[in-house]
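Take the sequences, apply the hints, and build the full model.
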Amino acid sequence: MTGWHELLLPHWLDPAEAAEPLLLSKLREYVAQSPMAVSEFELACIDDSDPDRRDLAAYCLARVMQERESYVMRPHAIAGGRELLEQDVSPTVIRELVVGLGRSGDPIGVAVMALAAHESPEVREAVAMVVPNLFLDGIEEARSCVSALTQLAQDSVASVREWAVFGLVLLIDAGVSDDDASAAVVAARADPDAGVREEARGVESDT
Amino acid sequence: MNQDPINNGDLDGRMNSAFGGGTVSVGGVYIPGGRSLGRTAAVAVGAAGGYVAHKIASWIWHSQHGKKNVEHSHHVGVSDEDLKQLLVDPLTDSIEKAKIRQTLKGRGQRRSRQNRDNKR
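Chains as they are written, first to last, in our numbering: chain S, 640 to 846; chain F, 27 to 146.
Please keep in mind that the hints were generated in silico from the structure rather than gathered at the bench. Some hints could be false.
[What the hints assert, rightly or not] EDC-like, lysine to aspartate or glutamate: derived pairs with alpha carbons at most 20 Å apart:
1) F:K94 / S:D653
2) S:K665 / S:E645
3) F:K110 / S:E656
4) F:K131 / S:E659
5) F:K131 / F:D119
6) F:K131 / S:D832
7) S:K665 / S:E679
8) F:K94 / S:E656
Computed from a predicted structure; not experimentally measured.
Listed below in C-alpha cells is the structure:
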C-alpha cells in the first residue's frame, strides 16, 4: 500500500490553490482505508526528520480534527493533537495543531488560548485566527476570547494584529458587546500597518 | 523535486556532515518501533549548535511553503464567488457567514504572500 506521504506530498507541495481539494480528497481516502493513519501523522509530527513530511503530517492531523462528520478518527486526532502541544515540536507543527484544535468544535480546543504569547509569530497568528471560533462554537466565553484577542491586537507582528482585529470585528458582528473589544478596534484604526487599519474599518460605521 | 535551499545548500551539507553523512535524506527509512534514523541521529548530535541553527533556519524556510490550514475544510474547492453568494444569502446562518469571512480572509492573505514571494 502506498505510504501517506507518497500519496499526499506532491499535492501538498503544489502551490496551486486547485491542488488543495485533490489533497483533501486523497487524505480522506487514505484515512478511510488506514486505521493507523492518525497514529502515523502523530508520529511523523514528532519524529520525522524530513520537514516536509513532518509539516504535511501536521496539516493532515489538523484536517482530520476539523472533519466533523466524515471521520471516525476525529476524536483520536483531537486528543492526539492536544498531547502533541506538550511535545517538542516545530512552530509549523504547532501552528497546524492550533488551527485544527481551534476549529474542531471540541472543548479541548480551548487549549490554544494558552499559546497567545508563544514565541513564534506564526503560532500567535494561528491563535488569533481561531479564537473567534471558540466563541462561535460555544466552547469559550466571549470575555475570554476578547481578552486574548485584545492582547494579540497589541502584538509586535502586523499579521498577528491583523487577524486579532479581524477576530474582534467578527465577535462584535456576532453580537458580542464589549468595551475592550470596541476600544481595541478603534485603536487599530491608527495602526501603522495598512492591513490592520483595513480590518479595523470593518465596524467603523457601528462604533 | 526538492526546492529547499537549506536542505540543498550549505546548511544541509553541514548538517549531513554532523550527522555522519546523509542521515537527513534517509527518506522514509524507519527502524522497527517507529523511530526514524534521522531522529536518532538528531538526538545524538542535538547538543551541537549547528543542528540548532539548522533547525531554526529550516523552520523559517518551511513556514513559507507547503499548504497550511487556512480555509475551513468545507470551503476547500468552493470558489470565492460562490462563498460571496453564500455570504449575502439570507438562508446562510451567522456562524457560517463568520466562517466564510475567515476563509476569504485566509485566501486573500495567502495570495498576497504568494505574490510577495514571487516578486523576490
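**OP:** Just pull the numbers of the violated hints for me, sorted ascending.
**Re:** Structure breaks no hint.
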